[in-house]
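J.: One-letter residues, chain by chain:
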Amino acid sequence: MFQKEFNGIVFDEKVEISTNNIEKTLFEIMEFSKKNNIQIDDIVIRKPNLEDVFLSLTGRTLRNDIMKKIFKLAYYQFKSDVRDFESFFWSFVFPFILFIILVAIFGNTNQMNIKDLNVGIVYEKNMNIISKGIFTKTFENIPMKKTVLKNLDEGIEKLKNKDLDVVLFVPKTTTLINDKSPEIDLYYVQGRSNSDISKNIVKVFIDYVNIEMIKRVKNVEDDVIIEKIPISTLRDEFSYKDFIFPGILILSIMSVAYFNVPFNLLFSREKGINKRFLLTPIKGYTYFISLLISSIAMVLISSIIIIVEGYFMKISNKFFSLKFILFYIFSLIILFSIGLIFVSFSKKLTTSIVFVNIFFQVSMFLGGLYFPVFNIPWVLKWFIYINPVTYLVEGMRRLVGFNIAPFENIWIYIVPSIWFLTAIILFSLNYKKVLGYE
Amino acid sequence: MQYAIKIENLKKYYGETKAVDGISFSVKEGEIFSLLGPNGAGKTTTLEIIEGLRKKDEGEIIYFGKYNSPENFYIKEKIGVQLQNSAFLDNLTVYETLKMFSGLYKNSLDVNELISKIFLDEKKKARVKELSGGQKQRLAIAVALVNDPAIVFLDEPTTGLDPQARRMIWDLILELKGNGKTIILTTHYMEEAEYLSDSIHIIDHGR
Chain A
1 MFQKEFNGIV FDEKVEISTN NIEKTLFEIM EFSKKNNIQI DDIVIRKPNL
51 EDVFLSLTGR TLRNDIMKKI FKLAYYQFKS DVRDFESFFW SFVFPFILFI
101 ILVAIFGNTN QMNIKDLNVG IVYEKNMNII SKGIFTKTFE NIPMKKTVLK
151 NLDEGIEKLK NKDLDVVLFV PKTTTLINDK SPEIDLYYVQ GRSNSDISKN
201 IVKVFIDYVN IEMIKRVKNV EDDVIIEKIP ISTLRDEFSY KDFIFPGILI
251 LSIMSVAYFN VPFNLLFSRE KGINKRFLLT PIKGYTYFIS LLISSIAMVL
301 ISSIIIIVEG YFMKISNKFF SLKFILFYIF SLIILFSIGL IFVSFSKKLT
351 TSIVFVNIFF QVSMFLGGLY FPVFNIPWVL KWFIYINPVT YLVEGMRRLV
401 GFNIAPFENI WIYIVPSIWF LTAIILFSLN YKKVLGYE
Chain B
1 MQYAIKIENL KKYYGETKAV DGISFSVKEG EIFSLLGPNG AGKTTTLEII
51 EGLRKKDEGE IIYFGKYNSP ENFYIKEKIG VQLQNSAFLD NLTVYETLKM
101 FSGLYKNSLD VNELISKIFL DEKKKARVKE LSGGQKQRLA IAVALVNDPA
151 IVFLDEPTTG LDPQARRMIW DLILELKGNG KTIILTTHYM EEAEYLSDSI
201 HIIDHGR
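Chains A and B supply the protein sequences, listed in that same order. For the first sequence, counting from 1, position 363 maps to 363 in our numbering; every step adds exactly one. For the second sequence, counting from 1, position 168 maps to 168 in our numbering; every step adds exactly one.
Next up, chain A with everything else stripped away, as it sits in the complex (with noise of 0.2 Å):
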């Protein structure tokens, strides 16, 4: 009555009003009182404090207690979770040290930046000043840190310690007065990448001072200037941090989506923990959503830690973007989605353990998260093109510039959209069957 009447909150002997005048609204409550026949014992005035203005805002009532018994229930829920081995291993600790582990193998040859490069010259003592002119100035273009060494010994012990990467060993005999060419010593490591590297570039700046020393012993016209030779900047190319960084994302959220979900509500249905938790004044979908809470807490801890990492390893700036996280939580959705295919199909839960558990494993390997898999014979590749995870992680990478997979845009959206629709259903089809206890 008082609310049709006030636009109140009702609780059990209470009654709670706003307004903006209180002498007229007290008139009209002592009124509709009198006129209902409604003893009131007590009268509070308050002006609204924080939690009001966020009501009226949000125009929910906290107090309406279901939103409190959905929190707690996901706080100890997700407290239940951590606590667990399995789950705090494959949710957070899994995708942390994979990044490092892949990155550590595979991101080496590809992920350097030439300047971080280190050269070792070493000029013989007593060595003619005019040519020792020449091949400074020509080392000089060396587009790596140079660092001038007193001996041999010296440079060839910090080439053992990785402190350099190349030396190069200018001995006095190399005169540009003498007819005999000239040897310049390049020491090297055969098969550390960084070394092979940094030996081939270094060649290409001794070709050019064995230009210059022609020039001055045959007499060559001196307009041959030294060209700056364009060196790729090899990080334009191809980096595997920035390419490995959506595939560790994904699978972050896969683990909670695919493991944690369904296997949380399969293992309170067959234990009866659900059964208990109907016996409490909670609606059915109540125990359900504080699950769903507390798996996506989950998720957003395990990618946050990831992102931090990433961040460390100075991935891409495009990943910070708007954009990035919009189809993140794109991503999410569909994934959690998913989770919920497998709790509609299963009827037990150790059954439904080894089935997700290959599923898990096969979209993780061809859904092309750790390398391109376009280069498969058709009997699996099928199988990619169905995959969400696919499409979901070529997306994430196309936002950054990649752009890997054979398929335009919009595919990206409609296939895990499909999956998405399809779980919904299933799911929509086997609620009752999933989260009831009969």
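Hint data in this document are derived by calculation from the structure and do not stem from the laboratory. It cannot be assumed that every hint is accurate.
Stated by the list, open to error - Simulated pairs of lysine to aspartate or glutamate, EDC-like, Cα-Cα distance not exceeding 20 Å:
#1 K69/A to D110/B
#2 K123/B to D90/B
#3 K432/A to E71/B
#4 K11/B to D57/B
#5 K79/A to E16/B
#6 K99/B to D65/A
#7 K136/B to E191/B
#8 K283/A to E71/B
#9 K69/A to D171/B
#10 K68/A to D57/B
Here the structure of chain A is known, so what remains is to put chain B in place on it, guided by the hints.
T.: Then chain B, alone, in the frame of chain A:
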């Protein structure tokens, strides 16, 4: 005398099987009422229908003389249930489990007092998975009591326990009765029903 629960001609079928086949009984307020019968007689099914976990096929249940649906939140606030195989989140502690359940009710007892009442003080911070069978059973009873219910359902509360633990639970049940609660329990031990109950209903083949 008011009846806490009155059941008339309750029926539940699973295909051809008659799990519950026309049971009628009434439970007075403040008494200990036992459903006694062999395994598979339909005790648990009957109890779960009353608790609202299963739907009845026929018959009528009246709670507190006026309500007839267990879905009603008012009823859920007023009943406490210990299930036959109670399971809780394994990685929560005893304290956290009770705290979680107490948060779901409007009225709840003080969790620390409740833990003392069931003699689990030492295990307050132990995780559920570390508890013994008897301790788990006591926790389940504590969860049933967390909302200070008017009616307490105990489904085979002493099955599988050693004599000492059984004694402890009997004392607890009698204490609850002393506090004015109505208790409905199932058992297949004749002497348990005899020792505890004010009324006994013998149930076999769903009748």
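J.: If any of the earlier hints don't hold here, list their numbers in rising order.
T.: When the structure is compared with the hints, numbers 5, 7, 9, 10 turn out to be violated.
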